[in-house]
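The task is simple: from the sequences and hints, build the whole structure.
So the protein sequences, as listed, match chains F, Z and W. Our numbering puts the last residue of the first sequence at 587; the count rises by one with no breaks. Our numbering puts the last residue of the second sequence at 485; the count rises by one with no breaks. Our numbering puts the last residue of the third sequence at 149; the count rises by one with no breaks.
Please keep in mind that the hints were generated in silico from the structure rather than gathered at the bench. Cβ coordinates follow ideal geometry from the N, Cα and C atoms, glycine included. Among these hints, one or two may not hold up.
Unchecked claim - Derived list of chain Z stretches under chain F, where covered just means 3 residues or more per stretch with a C-beta under 8 Å from a C-beta of chain F: (1) 373 to 387; (2) 451 to 463.
As the list claims (entries may be wrong) - Below, a list of computed lysine to aspartate or glutamate pairs in the EDC-like style, where the Cα atoms sit at most 20 Å apart: (3) K121(W) with D491(F); (4) K371(Z) with E405(Z); (5) K452(Z) with D455(F).
What the hints assert, rightly or not - Derived contacts from chain F toward chain W, CB cut-off under 8 Å, selection only: (6) T306; (7) G333; (8) D346; (9) V406; (10) S489; (11) N539.
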Amino acid sequence: MDTGLFRPESVAEALALLARLPDAKLISGGASLVAMINARLADPAALVSLAGIGELKQIAAAPGGGFRIGAMARHRDLAAESRFSGTLAVLQMAAAQIANSTVRNMGTIGGAVAHADPGLDYPPALVAADASIEIAAAGGRRQVPAGEFFVDWFTTALQPGEMVSAVHLPAARPGIGLYHKFARVSGDYATVSVALTLVREGRAISTRAAIGGCGPTPLMVAEANRLLSGDPTAENLRRAGELLQAAADPVDDVRGSAEYRRMLIPRMLARAFDEARLRAGAAR
Amino acid sequence: MRIEGNFDIAASRDAVYRHITDPGLMARCVPGCESIEQVSPTGYRAKVTISVGGIKARFNLVVEVTREQPPGLVLSQTRGEEGSRASVLSADNELTLVELDPLTTRVSYASEVSVTGRLGKFALGVMKKKVGAMGMEFADRLREHIQTQAVPPSQAPGSAA
Amino acid sequence: MSDTLHVTIKVNDRSVALDVPLTETLLTSLRDRLQLTGAKRGCNQGVCGACTVMLDGVAVRACLSLTANCEGQSVLTIEGAGADRAIAALQDAFIEAGALQCGFCTPGQLIAARALLEQNPDPSVEDVQKGMSGNLCRCTGYNKIIDAVRTAAGKLQA
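Here's what the structure looks like:
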């Protein structure tokens, strides 16, 4: 039988189904996939539901710190995850700002990440948090850093027949993680977003800043992070904003013109950075 | 949406004009183009696929050349649809060739494109990026073809000096 | 001919057997097969909230749920919620406050409000704004909805 809804009970079973049914689509929360079906952008003949796979639902603390978040973890649960402290709060904040409470009951991190809509809240947060995506394939599992997982518009490092099985967060570092989102209205996709982690190292700080909604993938520039680390001056901050602005490739659409999004980048970066530095007690 | 760009080719304007009015060559240079068929002195049918992530949109297009001023100008109109009219596309296109020097030509293209239906409603911003990228790839392919063609056989790599 | 799948779900405490195509949404099944037209098709993209129903006790978008994927689950729509104490209090409060005009968004508002009060029995104005941000209303300007939800919360706690 090549059509219908399948409910595997393990990742191995799910992968075997994908191998047997190359036109089948995986469904986790359905928030992205069913919206696409309704918009006539997808019409799968077969669906493989991940809802019955226990390992995908767990949010487990990893030995040595960090977390393994199963692909079926719902936005609602990540938004309420009090264990995501320090720099990892960037992910909790991003999850809490996704859409609205009803959609957060349905959507999952695995589904969102595999869909790779450039307006999503997770991708920049995962890049800022230095997370990695666990991919399950017939031959085994591998982990890809978030910055390498998102490849192009709606395109990830997933090969045909592979699936996202989990998201790995490194151990929290003492400091601040925050996620700021600018959208037309509450619950909309981001026009521009900033995900920031800031760690105090003695008198110096170490910063990772990723911009969302301004290109095919989350935008992080190593030189900008370097400028925002150590003992950054106002000039450093201005220059970092310029670098990110220059590297951006935003769409022109109903949520904002490319020009408007570019304009927002340094402003949002400055707001997020100043807040993070203040909260970290490292204000200049 | 407006798609525009320009690129330079190391060939004479006449040579470039001959190439861009060659439907067989255009079929090879337009990314995602499965076929181009000339159906009248000024009309062509083309099948072009645009892919975004998991979505493949196969467009059935009709191109009508509305004005030609060799060797400098081609105006055309494109009309078409994909997926049983799931999206409808229309475009007004302008292609101009300017001689920078006898062996260098600047090709400028500008299209006013309208897309309605599923791609127009849900994916217009990303479609614009994709079409822009297709324009750049078109330029690369055309330039490579014309410039390698333009090398006289006696100077081609591997031939006797 | 498209294949259909045989699905058994509970709707408003009644067991229902349906034969649906793979990609039929719960919203379509509720409205077109079961004539439960309280849930509305506003945007069909999960944005507007007019299709909000309860699935196994959790507020979800019926337009983003596939019926075939709801095998064995339990759906509560506004039609089945009349006896629910919270819904009854909310309905009275909505009417008192004038929190509905055309009524199109109202079933979704009530279900979402019920879910909110279950999580937070004493919500502030900001709590209601945030908790119900997924339910759009084109008529009322929201203030009366917020008042109604808080009034109902007060009554339920008394």
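Point to revise | Violations among the numbered hints | key: 11
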